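> Sequence:
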Amino acid sequence: MTRDTLPSLERGAGLAEGTTARVAFAPETDLPLLLGAITKQQWVESIVIGLAGQAPEAQARELGTALAEAPFWADDVVVAMLLRARAHMPLVLVTNATLELEDDLAALGLADFADHVVSSARMGVAKPDRKIYEIAAQLAGVAMDRCLFVDDRLENIEAAAGLGMTGVHYREPADLRGPLGFLLGG
Numbered sequence: 001m002t003r004d005t006l007p008s009l010e011r012g013a014g015l016a017e018g019t020t021a022r023v024a025f026a027p028e029t030d031l032p033l034l035l036g037a038i039t040k041q042q043w044v045e046s047i048v049i050g051l052a053g054q055a056p057e058a059q060a061r062e063l064g065t066a067l068a069e070a071p072f073w074a075d076d077v078v079v080a081m082l083l084r085a086r087a088h089m090p091l092v093l094v095t096n097a098t099l100e101l102e103d104d105l106a107a108l109g110l111a112d113f114a115d116h117v118v119s120s121a122r123m124g125v126a127k128p129d130r131k132i133y134e135i136a137a138q139l140a141g142v143a144m145d146r147c148l149f150v151d152d153r154l155e156n157i158e159a160a161a162g163l164g165m166t167g168v169h170y171r172e173p174a175d176l177r178g179p180l181g182f183l184l185g186g
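Under UniProt numbering, read the sequence shown as residues 1 to 186, first letter to last.
Just so you know, the hints here were simulated from the structure itself, not pulled from any lab data.
There's no promise every hint is true.
As the list claims (entries may be wrong) - Pairwise CB distance ranges (calculated):
id : residue 1 : residue 2 : range
1  : 163       : 39        : 30 to 36 Å
2  : 7         : 153       : 18 to 24 Å
3  : 112       : 183       : 15 to 21 Å
4  : 32        : 184       : 35 to 41 Å
5  : 169       : 145       : 16 to 22 Å
Note that the coordinates shown come from a computational prediction; the quantities given were computed from them, not determined experimentally.
Ideal Cβ positions, reconstructed from N, Cα and C, are used throughout, including at glycine.
From just these sequences and the hints, can you work out the full model?
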């Protein structure tokens, strides 16, 4: 399975690219997965239900399965930057993830990437709930106002900032150079 599989399957089903993701990542569909309340297979079945009327059941199941099995990846530049920063401060990964997160990190060679991992599926609470940020700060052993929170979703950054964390909206590696530059020699 490649990153191009899902768009190809969507075109074959007569769906606009991104339709499966919109269904799959709607809060009512993905929140139970991210809270560890359902398995990845049950999530696929929720996607099938969400695609009802848009694609035949067999194609909807193929689309849901393709999304669920899509390969994970990590930006090597970002990983290197964070590992360098970790030499100077605790690194806590805060993620809305599935119960398979540990396997996913191991497959990427990142099993020991962070000092602590705060997974929504393990904690039963997801970003942007304040509890997940409180857990992260506690594990880091620092006050909220000493935390740098990086995320690709503004709602998560705003929630963290509302608790006193410094927030960085991540879109590309350059977004990290400013806040981490003093540690990275930049």
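> All hints are to be evaluated individually against the structure, with a verdict given for each.
Against the structure, the hints come out as follows:
Our hint of 30 to 36 Å for residue 163 and residue 39 holds, since their Cβ atoms are close to 31 Å apart. The hinted window of 18 to 24 Å between residue 7 and residue 153 holds, with their beta carbons roughly 22 Å apart. For residue 112 and residue 183, the hinted distance range of 15 to 21 Å is satisfied, since their beta carbons lie about 20 Å from each other. In this structure the hint that residue 32 and residue 184 lie 35 to 41 Å apart at CB holds, the actual value being about 39 Å.
Separation of residue 169 from residue 145 is about 19 Å and conforms to the stated range, judged on CB atoms against 16 to 22 Å.
Hint violations for this structure: none, all hints satisfied.
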